[in-house]
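Trainee: Protein chains in written order, with our numbering: chain A, 1 to 247; chain B, 1001 to 1330.
Warning: the hint list may mix true and false statements.
[Stated by the list, open to error] Sample of chain A residues facing chain B (criterion: CB under 7 Å; computed from the structure):
| # | residue |
| --- | --- |
| 1 | LYS13 |
| 2 | VAL21 |
| 3 | GLY25 |
| 4 | ILE28 |
| 5 | ASP53 |
| 6 | LEU56 |
| 7 | MET75 |
| 8 | ILE148 |
| 9 | GLY149 |
| 10 | PHE150 |
| 11 | PRO233 |
| 12 | SER237 |
These are calculated hints, taken from the structure and not from any lab test.
Each residue gets a CB set at the ideal place from its N, CA and C atoms; glycine is no exception.
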Amino acid sequence: MTSLDDELQPAIKLLGESAIVVEFGNLISERSNTRAISLCRRLKQQPFHGIIDLVLAYHSVTVLYDPFAIKNQWMLETPVYKWVKDQISLRLAEDSEPRSMVGKRHRIPVCYDECFATDLKSLSLELQIDSDHLTTMHCSKIYHVYMIGFQPGFPYLGDLPEKLHCSRKQDPIIVEAGSVGIAGAQTGIYPFKSPGGWNIIGRTPVSMFNNNALEPVHMNAGDEVEFFRISEPDFKSWKEEALQSSL
Amino acid sequence: MSILILRPGVLDTVQDFGRFGYSHWGINPGGVMDRSAAGIANLLVGNSKSNAVVEIHFPGPQILIEQTTLISICGADFTAMLDDHELPMWQPLLVRRNTVLHFDKLVSGTRAYIALHGGVDVPHWLGSCSTNLAAASGGFEGRRLEKFDRLLQGENRFYLSGWLKEGDDLRKLAWRASVKALYDDRHSISIVPGPEWDLLTKTAQEELLENNFMIHPSSNRMGYKLKGPILERTNNDELISSGVIFGTIQLLPNGQLVVLMADHQTTGGYPRIGQVIAAHLPKLAQLRPSDCIQFTRTSVAAAEQLYFKQQNDLNVLEHACNTNLKNVVC
Chain A
1 MTSLDDELQP AIKLLGESAI VVEFGNLISE RSNTRAISLC RRLKQQPFHG IIDLVLAYHS
61 VTVLYDPFAI KNQWMLETPV YKWVKDQISL RLAEDSEPRS MVGKRHRIPV CYDECFATDL
121 KSLSLELQID SDHLTTMHCS KIYHVYMIGF QPGFPYLGDL PEKLHCSRKQ DPIIVEAGSV
181 GIAGAQTGIY PFKSPGGWNI IGRTPVSMFN NNALEPVHMN AGDEVEFFRI SEPDFKSWKE
241 EALQSSL
Chain B
1001 MSILILRPGV LDTVQDFGRF GYSHWGINPG GVMDRSAAGI ANLLVGNSKS NAVVEIHFPG
1061 PQILIEQTTL ISICGADFTA MLDDHELPMW QPLLVRRNTV LHFDKLVSGT RAYIALHGGV
1121 DVPHWLGSCS TNLAAASGGF EGRRLEKFDR LLQGENRFYL SGWLKEGDDL RKLAWRASVK
1181 ALYDDRHSIS IVPGPEWDLL TKTAQEELLE NNFMIHPSSN RMGYKLKGPI LERTNNDELI
1241 SSGVIFGTIQ LLPNGQLVVL MADHQTTGGY PRIGQVIAAH LPKLAQLRPS DCIQFTRTSV
1301 AAAEQLYFKQ QNDLNVLEHA CNTNLKNVVC
């Protein structure tokens, strides 16, 4: 019996001679994301010789491999990509009924005050929701972590309450580290000061990337995120505490 | 065992073959742009090919050699000089302490690699010595090299001072790597169709293979923007962000192309219409802004064969270098 819906049937696509992309359907959904996370986990638990990296995205896994290492390991005569495709198909077959594993729950403090929420006013006008209500809606949901990308430690979280769906900014501007933004049906947190095109509605004092830590990024795809509101003085003391503990 | 940066170049970083295995955290591999040149530079000085090297651009740095050591310079030709002597490239060079390595004139190429016997010794971060500038991590303090930075070297396996005649500052060891084939026909870059190849109209597919594309001046280690004919899509549906790698060719909304290079992001939302074959990434890495590219279509099987040939050649070179080094006498 196969419980797999047709729309999530995996498509295997070559990306040159050193990578293969596996995509589940063509929609952003927790279900397609769960399939991708599950395949990624399986490939980590049962890797084949020559895998060097796995890029997990919304509905896909990109498998990077070294074809020369694989060829030498197995003395392959046929093109290596065919062998790799077979290996991936095998693991997909074993993974036809993926369980959704419950990830970690992260509670992230956010200060939505005007000094940090640089786009809140304009967004509140655009969406015709007053600022307080808008930010209350933002922290009223538990979000799913679809993927970490764009920058080290940048989480793509969803889905936003429908009323908060909004377009990206035309021209990206420099945003501060910790900025919490929304765009489309997604919300995310900028780990670094960098150019950003999402609408900034607050800032967290929690650092999303710590290169001294054993695990420099503490969030993983499949985790859950809940935001809660803090005041500006709280934001400052939170920052100071973090500074103290890192000394 | 160390070298000292007397004057930094425009962009000098410590790189190895990249930081793989952390894409799920959005941490991209990075690493050297031209693996062939960096790998050969390492092999010539008796290192394994993926050791940490210094990647430089033009204008290059001025470097004080603080201990007698074995170096090699491969990749772009920036007219390397040791004090007043012009240095050959692609060759192991024994250089005496208190000499100054500098780069006089841009001749060809974009990035050169300085390998030191024993490798550049910087702490590993997530299994790699590569500098990730976006995350300010890895390599030398997570940043480009600056004035008076001192880079340590790994251990000497030979009594190198004994290899230099008294009074000589330089000894060119008597073998070179032949790299003509690697950079042959340097504007011709082979690609295979990417996952979204069919999103190009038939006309656009032909245009891609028939026209020249010029590398835009804003190109850097993250990507090369190309200027060429506007390529039409069969539809304008938005794509879901998915994995990208070094050499992925994306179609931007304005119909122009960008080729992702070593410091690319881990995922992208633009159509991946093609992929530069691994064997041609070194050539591509040495092209300069305003150089032209002519794309040629090949098969994945042929791309594998070319890559295997390159890797086999490197293995032969490795064996030859190690044998030669063991036989050096003063």
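Trainee: Would the hint on LYS13 (chain A) be counted as holding, given a Cβ-Cβ threshold of 7 Å to chain B?
Mentor: Holds: closest Cβ of chain B sits about 4 Å from LYS13 (chain A), inside 7 Å.
Trainee: Hint PHE150 (chain A) vs chain B: min CB-CB distance below 7 Å?
Mentor: With a closest approach of 6 Å, the PHE150 (chain A) hint holds.
Trainee: Go through the hint on ASP53 (chain A) and say holds or violated, using the shortest Cβ distance to chain B against 7 Å.
Mentor: This interface hint holds because 4 Å falls under the 7 Å limit.
Trainee: Is the interface hint satisfied for GLY25 (chain A)? The criterion is a beta-carbon contact with chain B at less than 7 Å.
Mentor: 9 Å, violated
Trainee: Please verify that hint: ILE148 (chain A), Cβ, nearest Cβ of chain B, below 7 Å or not.
Mentor: This hint holds: ILE148 (chain A) lies near chain B, its Cβ roughly 4 Å from the closest one there, short of 7 Å.
Trainee: Does MET75 (chain A) pass the interface check with chain B, least Cβ-Cβ distance below 7 Å?
Mentor: Given a least distance of 13 Å, the restraint on MET75 (chain A) is violated.
Trainee: Is the interface hint satisfied for SER237 (chain A)? The criterion is a beta-carbon contact with chain B at less than 7 Å.
Mentor: Hint violated; SER237 (chain A) Cβ to chain B Cβ min 26 Å, cut 7 Å.
Trainee: When the nearest CB of chain B is found for PRO233 (chain A), is that gap smaller than 7 Å?
Mentor: Violated - the Cβ of PRO233 (chain A) stays beyond 7 Å from chain B, reaching only about 29 Å at its closest.
Trainee: Do the numbers back the hint for ILE28 (chain A), that is, is its least Cβ distance to chain B under 7 Å?
Mentor: 6 Å, holds
Trainee: When the nearest CB of chain B is found for LEU56 (chain A), is that gap smaller than 7 Å?
Mentor: 5 Å, holds
Trainee: Holds or violated: is the Cβ of VAL21 (chain A) closer than 7 Å to a Cβ in chain B?
Mentor: Where the cut-off is 7 Å and the nearest Cβ of chain B is about 6 Å from VAL21 (chain A), the hint holds.
Trainee: Let's test the interface hint: is any C-beta of chain B closer than 7 Å to that of GLY149 (chain A)?
Mentor: 4 Å, holds
When each numbered hint is compared with the structure, violations occur for hints 3, 7, 11 and 12.
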